[in-house]
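There are 4 protein chains.
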Amino acid sequence: MIIVLRPDATKEQIDHLIEKIKDLGLSVHISKGKERTIMGVIGDESLLEGAPLAVLPGVENVMPILKPYKLVSREFRKEDTVIEVDGVKIGGKEIQVIAGPCSIETRELLFDAAKKVKRAGARLLRGGAFKPRTSPYAFQGLGEEGLKYLAEARKKTGMPVVTELMDPRDIDIIYENTDIIQIGARNMQNFRLLTEVGKLDKPVLLKRGLSATIKEFLMSAEYIAAEGNHKIILCERGIRTFETAVRNTLDLSAVPVLKEETHLPVIVDPSHAVGRWDLVAPLAKAAIAVGADGLMIEVHSDPENALCDGAQSLKPDKFASLMKELKKVAEAIGRTM
Amino acid sequence: MIIVLRPDATKEQIDHLIEKIKDLGLSVHISKGKERTIMGVIGDESLLEGAPLAVLPGVENVMPILKPYKLVSREFRKEDTVIEVDGVKIGGKEIQVIAGPCSIETRELLFDAAKKVKRAGARLLRGGAFKPRTSPYAFQGLGEEGLKYLAEARKKTGMPVVTELMDPRDIDIIYENTDIIQIGARNMQNFRLLTEVGKLDKPVLLKRGLSATIKEFLMSAEYIAAEGNHKIILCERGIRTFETAVRNTLDLSAVPVLKEETHLPVIVDPSHAVGRWDLVAPLAKAAIAVGADGLMIEVHSDPENALCDGAQSLKPDKFASLMKELKKVAEAIGRTM
Amino acid sequence: MIIVLRPDATKEQIDHLIEKIKDLGLSVHISKGKERTIMGVIGDESLLEGAPLAVLPGVENVMPILKPYKLVSREFRKEDTVIEVDGVKIGGKEIQVIAGPCSIETRELLFDAAKKVKRAGARLLRGGAFKPRTSPYAFQGLGEEGLKYLAEARKKTGMPVVTELMDPRDIDIIYENTDIIQIGARNMQNFRLLTEVGKLDKPVLLKRGLSATIKEFLMSAEYIAAEGNHKIILCERGIRTFETAVRNTLDLSAVPVLKEETHLPVIVDPSHAVGRWDLVAPLAKAAIAVGADGLMIEVHSDPENALCDGAQSLKPDKFASLMKELKKVAEAIGRTM
Amino acid sequence: MIIVLRPDATKEQIDHLIEKIKDLGLSVHISKGKERTIMGVIGDESLLEGAPLAVLPGVENVMPILKPYKLVSREFRKEDTVIEVDGVKIGGKEIQVIAGPCSIETRELLFDAAKKVKRAGARLLRGGAFKPRTSPYAFQGLGEEGLKYLAEARKKTGMPVVTELMDPRDIDIIYENTDIIQIGARNMQNFRLLTEVGKLDKPVLLKRGLSATIKEFLMSAEYIAAEGNHKIILCERGIRTFETAVRNTLDLSAVPVLKEETHLPVIVDPSHAVGRWDLVAPLAKAAIAVGADGLMIEVHSDPENALCDGAQSLKPDKFASLMKELKKVAEAIGRTM
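Chains as they are written, first to last, in the working numbering: chain V, 92 to 428; chain C, 92 to 428; chain G, 92 to 428; chain A, 92 to 428.
These aren't lab readings, by the way, just hints derived from the structure by calculation. Check the hints yourself; a few may be wrong.
[Claimed, not checked] Within a straight-line C-alpha distance of at most 30 angstroms, the following computed BS3-like cross-link-like pairs (lysine-lysine) qualify: (1) G:Lys169 x V:Lys419; (2) C:Lys419 x A:Lys418; (3) A:Lys111 x V:Lys158; (4) V:Lys418 x G:Lys184; (5) G:Lys158 x C:Lys123; (6) G:Lys158 x V:Lys418; (7) V:Lys102 x A:Lys123.
Just chain V, same shape as in the assembly:
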């Protein structure tokens, strides 16, 4: 940690600072420059994390040297983490597509979607049973009943399934019925939930919060890893900006930044980001071109009558054509699908 002193810092202020730092078991190196004096703190920087040094008298600025995440950092582990779920590898050379309806509405609709996305080449099935909805008056998901349909669909198709966990009280029922546990964007900083899934032995698909920086996103992954579960899939799904032409702004630059900062696989959900099915195809191609390890795409057999997010869902035939186009882009950048 570097502490920049104000040009008018007094000797008393500086001595007080040094004492505080030494009390924490750290040592200090002082360097007087032409216009500023700076203090370099040597030792375990995390000991200073809570200390409000920046507002102590005499201090102009405090700059941490180390990144706050450790286990999920590329520095901790050089090679890419590849997560295997029932033979499907996420994070390797092959790009994986997770597809299915936003929410599970009926057994028939789910089975139909599952069959069709599988035929089109998707290897993982998504489907929400518990749905976070902005309005209390909107459809909230089928709950436990939905989970049963999902488990049936898994059995029928052999595809591993992904569903969202919203409440620590649902952990057992979700754990039983899914292969990958999703933590939604609105729960990215639900730290209690992160701690709980950190104790499980199933992969976690962690979505980036709408206003989360990349650093905060990785800190949330660190919460999970710190409990022992290192099987984390990061998912960029759009951030909130001033632009209103689309629901959220898909931040594709986050993908190469994340690939540099962390060893974890990174996927992209274009459906939720833009909220319009006609933009899903170009953004899905861009996501692959930018280096994502996978995609999460909403597919619904009857989007016009969907109970949730019909506007952003592709029909199965459009999804099938998209898969063919995605394959070409994947090959163009040296990956497979």
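Given the structure of chain V, go ahead and fit chains C, G and A onto it with the hints provided.
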């Protein structure tokens, strides 16, 4: 709801739209303008909420007429809601200040802060027992032990207390030990938690999410109200913008907008917004001047050694001087403190 | 235009509104719904543009029906506009790459870069003579001298050139020495400059402002078109968001949205968006995959010693490899390069 | 400047870095910590400004120590700058209000507004002759004719006047007819315009750009000061955020931050920020409470028929009542009006 048709919409597309709307039990009024044809949908707009009309062929744009929140809207209730907690009225002419440490660290520190903020004129005590922290390695709060100290402080000082609920599994223990239940910014869209506190008979202090629009903020309040609990205090605490000079940008224009849109009391937390104690005083004054019904301010007897958010905490003597200054501003705008 | 009345609007307020609208030569259609009365204004909506209807007593909300841009809209012209500069077509099936140094520093460096980007397949040359710099103490460009070098480089290589216009007083000198006139992001709403280039007969490359919505971006293009110059190339170059890991957030969803809203060609500048050369390659690929008609990429023969934006400049050999990879992506989506 | 090395930086990389820094005439101090080696660069930091150190091999991060602005910084000048215009002092204990119509429409309307705002206590008159409008089809101001009316109003009322400069070609005519030259938000980074007003001897009112950080805002002021003109009034007028309930989000925390960083006076324009007259009053009070040195408020005698921004203009009688309320707030915080 108004549906604007594309200039090239075909008769088939229009007929299909009309049929869809009629199927939902609504009627349609068509109006051909010079450059666009528009359809006005007459009946209960909420029936169309889930329907993905905007992406149906022939549709250019869909514009809802009604606001999505009902129970919390000013239209539902004209007069200001005043919430009374143990004789302290929030939402009336008198401005209330909630003060205390960010987190409860020891019994002594809490009691000391409680005694001093009371003496300075604060009528409610805050203190976190369960703390949402960005880093898994940071102090996470004393938990149940902290709640006991809080209950003791309440008994000792007679001040009603506020503390944060983060997990539905903590509801009983929180309910027992607090007078007002806080839902933090990161949980503003934790819909399960909102539903739970909506079933309780204690006031809820709901903080605005970092990237929540005012409309979404009110929809989260609606979640609570929809379950029967109408005692909701809204708290503006800064939103995330591109500016990095302060932690978050305190959105004071939200206060008069909220006062117009809803009958609920609105308070402001300048401490968390800016993250620097030296900016708390000017922003607290501005919050009162702009029309807030109260303030939430962090006070710590020893900020330099605080385990959490020391940088933004006022010392008790600074808080006492601030209270005097705030009183003058309150009087200048015709309110009391 | 649709005017939604407040539920408590009085007859006097409504009559006053109707009178105001009729005074402007428009007619009104009133429709009483279950919960709201709405007024549809029939006639030329632009007559109401300046009128502050939204704050008149009795009015709850005002919603325009038409888009504010006309000449640049897809509705005005169905087919894609293809702009031809010295045989290079922008906006057609072939993707064009504009490459070169951020600023022109010496004749030799410019010629070297020009020769190398041409060899690698770029068909247009960029180079700044007048540079907008955040700091008054930074290198501001060679000015007129730089323009001469640019004109020489054009003669030598046969490549059409692009350079930025910052000041209406430089129009003549820029006009003489460039083939495409660039309006930078910081001048996107310099309306006097837009009006001036609107009077010229050379293509304009208009960059999106850092905080401009897509609608405002198109309104700035409309400023140029309204003066008679329809040869406008739109350039997405990153918007300002809360994320600080990269300089700006490249908004790739803007590309398909723009292609839908306007007939003008759309290109992407990944270099300025991210500010780091190592992220330029993945984002350039993504820009092509998402449907951009071209790219603008900074190439410098000696980035370490560049006077401006060296951090985001590719070396010529890295650029040459990138061009090969981009060609593959272009082909994967059915375009040429 | 502090350079943090990557843990895997090689000796060659480090030597190359040191050589580069020494070539620039600076010296280096190396400090090996437990987890990172850092280099402190000693000497004139500005020599490194353009150098792309952050992307050199072996470098993890580069952190500047000094602030990039000098002349406008509080460090350069401890005492508040007070700017006097015809006996009106801006930046002292007395809070000044600049009022008048958004744009000058007719001689009569301007004179009427001028007379009334003067009577209410405003000491400076605003009025736009050249108007930056988002749409090319909107009223663009009376131009030179408007400036003549403004000069007449000044003569008649004795109030100093403020008007906006948009184009370097208008400098002479603006200079002649105004006392304070306004640079609008959209031109905050029109560096050529800043340089020009930096050469004049009249005060400049510089508005913050919609997406400008406080640092960039001060850098734009530095542009003016660097040319010799130190009479700069900073004006916060709202920033662009995701919130759409108001036009822009007024960033009142910017006021105390600016007062700490710079010696220049800081005023607030609530009218443009929110775009709704009914929110102007509470935000004007908040601006004074937070420590602004003045306000800029739009007043129009007939807002319903204003050609520009009628929605945000106060009627003269509402303005007069507001002035009385503002006086009370000013006194509550120990200032005069």
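Earlier hints that do not hold, by number: Result: hint 6 breaks, nothing else.
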